[in-house]
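Asks: With chain F held as given, fit chains S and R onto it using these hints.
Chains as they are written, first to last, in UniProt numbering: chain F, 1 to 224; chain S, 1 to 224; chain R, 1 to 224.
Bear in mind the hints are in silico, worked out from the structure with no lab data behind them.
The C-beta atom is built at its ideal place from N, Cα and C for all residues, glycine as well.
One should not assume that every hint holds.
What the hints assert, rightly or not - With a cut-off of at most 30 Å between alpha-carbon atoms, the simulated DSSO-like pairs for lysine-lysine come out as follows:
no.: 1; chain 1: S; residue 1: K37; chain 2: F; residue 2: K37
no.: 2; chain 1: R; residue 1: K37; chain 2: F; residue 2: K37
no.: 3; chain 1: S; residue 1: K37; chain 2: R; residue 2: K37
Unchecked claim - Computed from the model, here is a short list of chain S residues facing chain F with C-beta under 7 Å:
no.: 4; residue: V35
no.: 5; residue: V41
no.: 6; residue: G43
no.: 7; residue: L61
no.: 8; residue: F71
no.: 9; residue: L74
no.: 10; residue: F88
no.: 11; residue: H91
no.: 12; residue: V94
no.: 13; residue: V147
no.: 14; residue: E151
no.: 15; residue: A197
no.: 16; residue: Y205
no.: 17; residue: N206
Said to hold, decoys possible - These stretches of chain S come out as covered by chain R in the derived footprint (C-beta under 8 Å, 3 or more residues):
no.: 18; region: 121 to 131
no.: 19; region: 155 to 161
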Amino acid sequence: MPPQEIQEIYSHTVQQVLDLTGIFVFAVAGALTAVRKNFDVIGIVVLAEVTALGGGVIRDLIIGDVPPAAFRDLGYFITPLFAAFIVFFLHPQVERIYATIDIFDAAGLGLFCVTGTAKAFAYGLGPVQAAALGIVTAVGGGAIRDVLANEIPMLLRWDREIYTVPAMLGAGLVAALVETDTLNAITATCAAVFAFAFRVLALRYNWRAPRAWRRNSEVFEKYE
Amino acid sequence: MPPQEIQEIYSHTVQQVLDLTGIFVFAVAGALTAVRKNFDVIGIVVLAEVTALGGGVIRDLIIGDVPPAAFRDLGYFITPLFAAFIVFFLHPQVERIYATIDIFDAAGLGLFCVTGTAKAFAYGLGPVQAAALGIVTAVGGGAIRDVLANEIPMLLRWDREIYTVPAMLGAGLVAALVETDTLNAITATCAAVFAFAFRVLALRYNWRAPRAWRRNSEVFEKYE
Amino acid sequence: MPPQEIQEIYSHTVQQVLDLTGIFVFAVAGALTAVRKNFDVIGIVVLAEVTALGGGVIRDLIIGDVPPAAFRDLGYFITPLFAAFIVFFLHPQVERIYATIDIFDAAGLGLFCVTGTAKAFAYGLGPVQAAALGIVTAVGGGAIRDVLANEIPMLLRWDREIYTVPAMLGAGLVAALVETDTLNAITATCAAVFAFAFRVLALRYNWRAPRAWRRNSEVFEKYE
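Chain F extracted, bound-state conformation (with noise of 0.2 Å):
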């Protein structure tokens, strides 16, 4: 049932090391959460599974893709459990190496913005609503591990680097990319490295997005 058009950029081999790469980096950070949450070993393997897999799952329910890829392609669960293991043993290491696993989820990141929106595409969805589930397949993952964390999602506050803009970005150009039916094994990587690139620049140089226009005026100051 699934038309597999426009969602095989790169050959299978290609793409399977590309997403278990993506969902391994993003189990990293989702363990490493429940870490420093204070949660027990069980805490950490669901926060590595739900970080890892959340965002595609959600695409998966809304295209239609029943079961999710999440739960046909053992490997995909796997990797997860792999990363939880790791960090459960090694996490002062871990941590330590943080900067590194931050480029490692940058990556995730532009890969997974651009596969999902591909992936979109190809169930037929119009060129918005497809870039709208490439950024859910990237960012998804990642809010659901802080609404179970009980946190604010990074995505929405303003005190973190941009997050969401680099993946709305690198969704965006393969939007372009299928609409002027340019997308390919090469332009795709450019879409990822841009959104990569941008993800690691705005890390190293603090970018924030603006809240909402003249924020601070008095008239909102009563409000909280």
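Replies: Relative to the frame of chain F, chains S and R by itself:
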């Protein structure tokens, strides 16, 4: 695949105008929540989209109408962006007319509980379940908004004017109308107006739902 | 469309009695949470429904059984209302017998992890993924309840007796039974009883899952 018999209460154009109106006012409420929580522009857009479309997406996933209407009709998707744009620049003015917004929001509530129930019926659900999905359509988006903003959903709290009860009454009325084969544009509008008026009166006179019987009993206190 | 081979472990009547028992005790736990959080009667009903049906609805959406069983069988829907009604009037008495409730809740946990895994298998999922959905069926409703109540889900916290581990063991047992073609009413009951007993013992002896290895290391402290 969508079985359209009952769903078409109104002509397509009327239905769409009503839908977009409801989506717009819900999106304004979501965007204002984001401004109050000091979220950035991305947070404003995300909460506007989620508040406006969340209830309908859950309903469509449950009845099996995928991709959900919100991901098929571009207007459904663009309208919250427009609302977010307005709130971003004009939020002090919008806050000032928040009493007016409450009226619009009540209109959205009345409309969505009616159309949500009718759509669930058209997909073959029983009257109780269809009414439940009508309520979900009306209050689900706001609940997701509050969870993302790390607050207890308004509909659960006893210190807020009743919000779910009007939706329950509207959805229950529609279920009764379908069962008695008397649902049409006029009776549906009456149900929506009734839910709307009930909500407005609840706001005006601070109607609240009761808490558990003898909630302040001494037996209970020791658990707090 | 539902492929019923494996799912029919018990006769239809037995299955339904067990399901409704599990739904009832989960609903009581949800309604009591609402009373403790000082929610109104609507909040009590919502948390009762969500706790009792949430896990099964997520499972059914993922395996593609829509509308979910909870929206087809009216009994599934009415039972939580009945539980909410009882808690609304009798909550001090119910609180007093909460230890008894814990036993019932453990029975629901044991039952749902078994039937959830079996149903996922019947829809074609692999053993690991089916077991994962069995766990989701058992603990998902409680997780949604805690998120709505703005608390960290019990299953993630290290300061609670283990809750997910019994479900994991029960679901894993069922997966092994299906793989070895030995799942029947007797072995399934044994798996459910095993998960149930494990949970009761965990409560009795305060069993807890470990936190991350060397969680208190000095390296970690600076991140807190």
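Asks: So, for every hint listed, does it hold in this structure?
Replies: Here's how the hints hold up against the structure:
{"no.": "1", "hint": "K37/S with K37/F", "verdict": "holds (23 Å)"}
{"no.": "2", "hint": "K37/R with K37/F", "verdict": "holds (23 Å)"}
{"no.": "3", "hint": "K37/S with K37/R", "verdict": "holds (23 Å)"}
{"no.": "4", "hint": "V35", "verdict": "holds (5 Å)"}
{"no.": "5", "hint": "V41", "verdict": "holds (5 Å)"}
{"no.": "6", "hint": "G43", "verdict": "holds (4 Å)"}
{"no.": "7", "hint": "L61", "verdict": "holds (6 Å)"}
{"no.": "8", "hint": "F71", "verdict": "holds (5 Å)"}
{"no.": "9", "hint": "L74", "verdict": "holds (6 Å)"}
{"no.": "10", "hint": "F88", "verdict": "holds (5 Å)"}
{"no.": "11", "hint": "H91", "verdict": "holds (5 Å)"}
{"no.": "12", "hint": "V94", "verdict": "violated (10 Å)"}
{"no.": "13", "hint": "V147", "verdict": "holds (6 Å)"}
{"no.": "14", "hint": "E151", "verdict": "violated (10 Å)"}
{"no.": "15", "hint": "A197", "verdict": "violated (28 Å)"}
{"no.": "16", "hint": "Y205", "verdict": "violated (23 Å)"}
{"no.": "17", "hint": "N206", "verdict": "violated (19 Å)"}
{"no.": "18", "hint": "121 to 131", "verdict": "holds (count 6)"}
{"no.": "19", "hint": "155 to 161", "verdict": "holds (count 4)"}
The structure shown violates the earlier hints numbered 12, 14, 15, 16, 17.
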